[in-house]
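Asker: Residue numbers (numbering that gives the first Met the number 0), protein chains in the order written: chain U, 0 to 379; chain G, 0 to 379.
For the record, the hints were derived by calculation from the structure and aren't laboratory data.
It is possible that some hints are incorrect.
It does not matter which identical chain is used: a pair holds within one copy or between any two.
In silico SDA-like cross-links for lysine to any residue, where the CA-CA straight-line distance does not exceed 25 Å [said to hold, decoys possible]: (1) Lys285 with Thr34; (2) Lys338 with Val269; (3) Lys156 with Glu195; (4) Lys198 with Pro234; (5) Lys100 with Asn318; (6) Lys285 with Glu68; (7) Lys84 with Arg44; (8) Lys285 with His77; (9) Lys84 with Phe303; (10) Lys338 with Arg44; (11) Lys290 with Met67; (12) Lys11 with Pro218; (13) Lys377 with Pro218; (14) Lys84 with Glu301; (15) Lys285 with Ile322; (16) Lys125 with Ala175.
One-letter residues, chain by chain:
Number of protein chains: 2
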Amino acid sequence: MFELLKSDSLTKARLGRLTTAHGAIETPVFMPVGTQASVKAIDPRELLEMGTQIILGNTYHLNIRPGMEIIRAAGGLHRFMNWDKPILTDSGGFQVFSLAKIRKIKTHGVEFRSHIDGSPLFLGPKEAMEIQRTLGSDIAMVFDECPPHDAPAREQKLAVERTIRWAGECREQPRAAGQLVFGIVQGGSNPVLREECAKALVPMEFDGYAIGGVSVGEPEPEMFRAVELTEPFLPAHKPRYAMGLGTPAQLVELIARGVDMFDCVLPTRVARNGTVFTRKGTYILKNAENKMNFGPLEDGCECFACRRFTRAYLRHLYNVQEILAIRMLSVHNSYLFLKVMADVRAAIANDTFSDFYRDFIAGYRPTQRVLLARAAAKER
Amino acid sequence: MFELLKSDSLTKARLGRLTTAHGAIETPVFMPVGTQASVKAIDPRELLEMGTQIILGNTYHLNIRPGMEIIRAAGGLHRFMNWDKPILTDSGGFQVFSLAKIRKIKTHGVEFRSHIDGSPLFLGPKEAMEIQRTLGSDIAMVFDECPPHDAPAREQKLAVERTIRWAGECREQPRAAGQLVFGIVQGGSNPVLREECAKALVPMEFDGYAIGGVSVGEPEPEMFRAVELTEPFLPAHKPRYAMGLGTPAQLVELIARGVDMFDCVLPTRVARNGTVFTRKGTYILKNAENKMNFGPLEDGCECFACRRFTRAYLRHLYNVQEILAIRMLSVHNSYLFLKVMADVRAAIANDTFSDFYRDFIAGYRPTQRVLLARAAAKER
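Just need the whole structure built from these sequences, with the hints factored in.
Answerer: Now the structure itself:
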């Protein structure tokens, strides 16, 4: 199911192939996020053109709207949204703990109220797996508890205990035909909890392992630490998935630390704010310097937007709130994430990943927030 | 420049070909509207796929944003927006009279304040033609005065006088290479004014003639009357363009009355409100009956959206405010307008237009507003 094709000799980077019910995925892979059964502003043809191998769907959101009655009648999520390639669904755990306003943690899941209309809902291992079975995703995630990064030690410990227990319960639920299930390791930045959680999940023989409890507001050094504390305890012959991350540079850093799979809303979310991702970092399209710039969003980029439109044109469209601006920024940003992954795979295959890694990080200017977090970490 | 290929024997419908600097246009033709240098929510590839022959750009809006400095630096509107087929630009007259808040009509144009930032601007025959020269449109429109449909007789008369005078001034301005210029007939629903305006403009030998002063809030019978009062005075060997109209059924009605060209924001505007155009009329996508409808937006439609997505899916996307919903409704609605024109052209060519006309109107259910206006007109 997962073939480890090559391990880099100088870093922990890995080249792999994950076979699912809807086809094979070459790893390292970036998975565009289609929370509500659509990757925001992008259509399936554009996704295929930019080299998308697998997309994400969201259990929490899809269960509320459109609801499982419609998904079931449509014949599952693939047919509902007309996407024939693999889909990974998260379990809804993250949203229950981040979005739902009122919640009560019980032995077999969480009672909460919908963030849309306040109606009472219950999500636990049994329910999350049943929804994912109805969605018919190729990869289902276990239902976990994901506390904020600054949660007190006792809460982190309780979350790990519940995550382990719920993972066991998820393991026992029926699956859709050919559906893979991944476990999720929690534990914040606590080495003992990370090790304990990983060591409890590995014997359950999940098809892959995710590192959760990252992308929950923690500074970058803490995020790297969480991954470094978890990775050594994960089996080499299974794919590793860092949830909800990150910038292109962070993805390359995490690949060098042994991670194979990523998902992130950043490329489409910042597109809607007029931010452009490049191999050198981000820039703001609205800035005056782009007013008369008749070059593409990023020099040398081969995406649909860069082959057709100039910065000056897209800046104008963004300023006058034309949807095509957001469409094309979403396409460009997503393409960049996917293309960096393709370049990483080629570099690992050619034994040049450590050079690629060094050059990519040297060329990428992180945001001020990331730079400040790094400086603070060094002072400690 | 305009070839009248065929005239229908039973109606006034005409088959023609208009040759422009960026290629030939088969008429009757529908022109999607790209007010701000983008047909809302649709990209140029999608426009080409749906059979778009020519699009509209807007002098008033483009002059404010991005402004002519940027358009000039880009090398004109075609290059700015990466559209190689014909473009028609309106003169800004309509917007000056409908959008600009404070205005003062002078001998050589209108002083007004931008609806965006209140900055003082002046637009008249000279300015409008100069902007359209910079835009480099294939068809430029003269600067006219377009009063509301309920304007008093004296105002209508003054508007016609100014429109004639300004048309003469436009005629004398320099043009972009190969640029055609169309005159615009005003006069509301007053037979004398319509005749007077047409008879004054025809000797000026414009490349085509538009019927203006329609789509300004008048009930449908009054709109048809304005066209019927104007058409007999227009030369047969020049294209006729009814500005800002209408529904698919109205387009077919107007073709039967001798009109060749149309533009309208309806297909993309109502898409953003979740309204779907079909050959049977419109429907509201949100309605509960579409909840579990796994057929296309319109049965038998071959558009990009109908070949890929179901009503149930697009209804879900619309409900959760995903951009893909508005994109696909805009594509479907625009495709329908273009396809009806293609069917009309085939019917005229095959001598079956009068059958097509009868069947199309019989099958199309107008909106309640149109039905009420028709009933009121019959009672008179």
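Asker: Between Lys84 and Glu301, at a C-alpha cutoff of 25 Å, which is it: within one copy, between copies, both, or neither?
Answerer: Classified as both: same-chain Cα gap 23 Å, cross-chain 24 Å, threshold 25 Å.
Asker: Between copies, within a copy, both or neither: which fits Lys290 and Met67 at Cα up to 25 Å?
Answerer: Close across copies (12 Å), not inside one copy (47 Å); limit 25 Å.
Asker: One pair to classify: Lys11 and Pro218, alpha carbons no more than 25 Å apart. Within, between, both, or neither?
Answerer: within (22 Å within a copy, 72 Å between copies)
Asker: Classify it for me, Lys198 with Pro234: is the Cα-Cα distance of at most 25 Å met within a copy, between copies, both or neither?
Answerer: Within one copy, since 10 Å is at most 25 Å while 86 Å is not.
Asker: Evaluate Lys84 and Phe303 at a C-alpha cut-off of 25 Å and name the case that applies: within, between, both or neither.
Answerer: both (20 Å within a copy, 19 Å between copies)
Asker: I want to check one pair: Lys338 and Val269. Are their C-alpha atoms no more than 25 Å apart within a copy, between two copies, both, or neither?
Answerer: within (18 Å within a copy, 37 Å between copies)
Asker: Is it within, between, both or neither when you check Lys285 against Glu68 at 25 Å Cα-Cα?
Answerer: Intra 43 Å, inter 17 Å, cutoff 25 Å: inter-copy only.
Asker: Between the shortest in-copy and the shortest cross-copy C-alpha distance, which are at most 25 Å for Lys285 and Thr34: within, between, both, or neither?
Answerer: between (27 Å within a copy, 20 Å between copies)
Asker: At 25 Å max between alpha carbons, let me know whether Lys285 reaches Ile322 within a copy, between copies, both or neither.
Answerer: Both: 15 Å inside a copy, 21 Å across copies.
Asker: Under a CA distance limit of 25 Å, which applies to Lys100 and Asn318: within one copy, between copies, both, or neither?
Answerer: Cα proximity of Lys100 and Asn318: across copies only (21 Å, versus 35 Å in one copy).
Asker: When no copy is named, should Lys285 and His77 be tagged within, between, both, or neither for a Cα gap of at most 25 Å?
Answerer: Classified as between: cross-chain Cα gap 22 Å, same-chain 37 Å, threshold 25 Å.
Asker: Given identical chains, is Lys338 near Arg44, meaning Cα to Cα at most 25 Å, within a copy, between copies, both, or neither?
Answerer: Both: 17 Å inside a chain and 22 Å across chains, each within 25 Å.
When held up to the earlier numbered hints, the structure conflicts with none and fits them all.
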